[in-house]
Amino acid sequence: MKVLHTPGTEHHFKRGLSFTPLLNIKMSSPEPIIRSKQTETEVNGVSTQVICTEFSNYIFIVLTQYGKIGTLVSVTPDSRSNDISTSTISTKVLLGKDEPLTHVCAKNLATFVSQEAGNRPVLLGLALKDFSLEAIKQMKDAIKSCQVW
Amino acid sequence: MTETQNGSEFDQVSVHNFSEKILEQVVHFHVMKLSGGFFLWVGSAPVLSNLAVSMSSKYDSMPLSTLVLGDPSNTAPNSLAQRLAKKTKKQVFVSYSIPMTDSNLGLLVENRIKKELELHPEHF
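Protein sequences, first through last, are from chains C and P. Quick note: the first sequence uses our numbering, first residue 1, plus one each step. Quick note: the second sequence uses our numbering, first residue 1001, plus one each step.
Calculated directly from the structure, the hints in this document are not laboratory data. Because the structure is a prediction, the values reported are computed rather than measured. Just so it is clear, CB atoms sit at the ideal spot from N, CA and C, and this is done for glycine as well. There could be a bad hint or two in this list.
[Claimed, not checked] Calculated from the model, a selection of chain P residues having no Cβ within reach of chain C, i.e. all distances over 12 Å: (1) Gly1043; (2) Ser1056; (3) Lys1058; (4) Ser1061; (5) Leu1067; (6) Ser1073; (7) Asn1074; (8) Lys1087; (9) Thr1101; (10) Pro1121.
[Said to hold, decoys possible] If you only want the chain P side, here are some residues facing chain C, beta carbon under 7 Å, derived: (11) Asp1011; (12) Val1013; (13) Val1027; (14) His1028; (15) His1030; (16) Ser1035; (17) Val1047; (18) Leu1048; (19) Asn1050; (20) Leu1064; (21) Val1068; (22) Pro1072.
Please model the complete structure; the sequences and the hints are all you need to start from.
Structure, rendered in structure tokens:
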């Protein structure tokens, strides 16, 4: 703040007074406490949306080609291993079709996020039409571009 | 309406944040608008401690609801998801992390959500 000509305290006092109600108004809309980033990209001609949201105990990622959350998978680093080089990741389908491909894709897509986010678990919503390796690769890049961790 | 024949056109997923000081506590709201539903997180700290999913069923007047993440003994996320699914007729995901100290708070929080639903239905 540059207050160059400060003759007295009266001026400051008035400013202080008028500031209080302003602050009250602002209280109803402070900065959101959770951050999110999103992007939209074409993967093999299919419109794909990524929305990453940061929570203190989770990274929430929605990866969708249907505009929906789809299958919800939790991707959790194994707490037993302290050594990063041998750390393992476990996946659990919380909602939706529990099939091997879902687990493979979820691990492939979210392991690096969990590691980069200080071994935080990832909650991943997958609604995909294309599960090809090439598509998954491109989606990973899209997730990288929405880094909130 | 958007063309969905080749599956390339869906409504954009959008995110909306708002917050309100309720009973001396700042409560934050985070809404993600999805196709046919929305995800709503409510909390005073940035923690994702539970997640409930609810949607209407033609066999029951009350929407079905299930908890997919968190402590099942906490019924707050389930019941809120259920009520919002009934009100909006959409699939609703709710994560609710408000300390259960004041029962009034839950009611006021829910009213705040309903107010936002009325003022800004485009975000849900």
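Taking the hints in turn, this is what the structure says about them:
1. Gly1043: violated, 8 Å
2. Ser1056: holds, 16 Å
3. Lys1058: holds, 20 Å
4. Ser1061: With a cut-off of 12 Å, Ser1061 of chain P remains clear of chain C, as the shortest Cβ separation is near 23 Å.
5. Leu1067: violated, 10 Å
6. Ser1073: It holds; Ser1073 of chain P is separated from chain C by about 18 Å at its closest Cβ, greater than 12 Å.
7. Asn1074: holds, 16 Å
8. Lys1087: Correct as stated: the minimum Cβ-Cβ distance to chain C is 19 Å, above 12 Å.
9. Thr1101: Label holds. Min Cβ-Cβ 19 Å, cutoff 12 Å.
10. Pro1121: Pro1121 of chain P clear of chain C: closest Cβ-Cβ about 17 Å, beyond 12 Å.
11. Asp1011: holds, 6 Å
12. Val1013: holds, 5 Å
13. Val1027: Because about 10 Å separates Val1027 of chain P from the closest Cβ in chain C, which is outside the 7 Å limit, the hint is violated.
14. His1028: holds, 5 Å
15. His1030: Holds. Min distance 6 Å.
16. Ser1035: Holds: closest Cβ of chain C sits about 3 Å from Ser1035 of chain P, inside 7 Å.
17. Val1047: With a minimum Cβ separation of about 5 Å from chain C (threshold 7 Å), the hint on Val1047 of chain P holds.
18. Leu1048: Nearest chain C Cβ about 4 Å off; hint holds.
19. Asn1050: Where the cut-off is 7 Å and the nearest Cβ of chain C is about 11 Å from Asn1050 of chain P, the hint is violated.
20. Leu1064: violated, 12 Å
21. Val1068: At 4 Å from the nearest chain C Cβ, Val1068 of chain P passes the 7 Å test, so the hint holds.
22. Pro1072: Given a least distance of 13 Å, the restraint on Pro1072 of chain P is violated.
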